[in-house]
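Here the sequence shown is numbered in numbering that gives the first Met the number 0, starting from 0 and rising by one per residue.
Among these hints, one or two may not hold up.
Cβ pair distances, simulated, as ranges [claimed, not checked]:
hint, residue 1, residue 2, range
1, G148, P79, 29 to 37 Å
2, N191, L52, 43 to 51 Å
3, F42, K240, 37 to 45 Å
4, E160, D229, 50 to 58 Å
5, Q226, L52, 53 to 61 Å
6, D211, G29, 36 to 44 Å
7, N191, T248, 18 to 26 Å
8, L85, E151, 23 to 31 Å
9, E238, L81, 46 to 54 Å
10, G148, M190, 25 to 33 Å
11, C208, K259, 39 to 47 Å
12, E238, G194, 15 to 23 Å
13, T248, A83, 39 to 47 Å
No lab work stands behind these hints: they were computed from the structure. From the three backbone atoms N, C-alpha and C, an ideal C-beta is built for every residue, glycine too.
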Amino acid sequence: MKRKANSELIFQALICMALSVLFVFALISGKASNYIHPRLFGFLWFAAAFLFLIGVVMLRYSKTPKHNARPLKNMILVIPILTAVLIPVGAVQSQAISFGISAGSTLSSAAAQNPVSSAPDKGTVIPDTTTSKDDIGIEVSSPSSNVPGEDENGVITVTDEQFASWYQDINENMKKYEGKTLKMKGQVFRMNTFGASEFVPARYAMVCCAADLQPCGVLCRSSAASQYQDGEWLWVTGEIKIENYQGQTMPVCYVTKIEKAEKAKQEYIYFTY
Numbered sequence: 000m001k002r003k004a005n006s007e008l009i010f011q012a013l014i015c016m017a018l019s020v021l022f023v024f025a026l027i028s029g030k031a032s033n034y035i036h037p038r039l040f041g042f043l044w045f046a047a048a049f050l051f052l053i054g055v056v057m058l059r060y061s062k063t064p065k066h067n068a069r070p071l072k073n074m075i076l077v078i079p080i081l082t083a084v085l086i087p088v089g090a091v092q093s094q095a096i097s098f099g100i101s102a103g104s105t106l107s108s109a110a111a112q113n114p115v116s117s118a119p120d121k122g123t124v125i126p127d128t129t130t131s132k133d134d135i136g137i138e139v140s141s142p143s144s145n146v147p148g149e150d151e152n153g154v155i156t157v158t159d160e161q162f163a164s165w166y167q168d169i170n171e172n173m174k175k176y177e178g179k180t181l182k183m184k185g186q187v188f189r190m191n192t193f194g195a196s197e198f199v200p201a202r203y204a205m206v207c208c209a210a211d212l213q214p215c216g217v218l219c220r221s222s223a224a225s226q227y228q229d230g231e232w233l234w235v236t237g238e239i240k241i242e243n244y245q246g247q248t249m250p251v252c253y254v255t256k257i258e259k260a261e262k263a264k265q266e267y268i269y270f271t272y
């Protein structure tokens, strides 16, 4: 009599292998960076290899029959796979994240008072002034090594690669930027507390994973602000002034020019301790 295979074990093995393939695809395609910090990619590679190995071992033992096997009871394990496949990857909605005290304002205030000892809030980092290592041993250079300077026209243009370093620098050394003309790119971000002329050309920063995303950028004021939709990518040029906003001292950009911009190849920026 032919022995019946263990359908439940086969189903579990296929789920493990599918998750492994999903992790590898996310890593190779770059989509993993929408969910976790790149410094954690090594752990994801390990998880993919381990899940695939578990699946292979399960298949080897699947020839051992099991009475009353119920493979469908494991359907709940399919949910992560279906979620990743069916829900498109994209930046978070701006309404779901707060700006101000939790993002720029806390860092601005802490840096002005004591840039070394004050602890930053979630999603922002007060950097060291020398080369250091993050919490898993990756060397991190001082932000000043990648901070944009003025061009021949006196304009400071912030590129995608410089945004994280520049954001930390302007919050830690905001007086340095007072009266300067700044050009920066980001997605239009607003909160209910903003005035009709206020918005932030923000980039979303990740410290560990998508759960700690915070918008980073400079508050801008422009009479044309209402013409642009939330999430729209813009190049914004204007003069920086230091003001008190909602009880926090922070840089404010008075806009002189707004241009449509291409979406950044890497939507998120990454801070490293």
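Tell me the hint numbers this structure goes against, listed in increasing order. 1, 4, 6, 8 and 11
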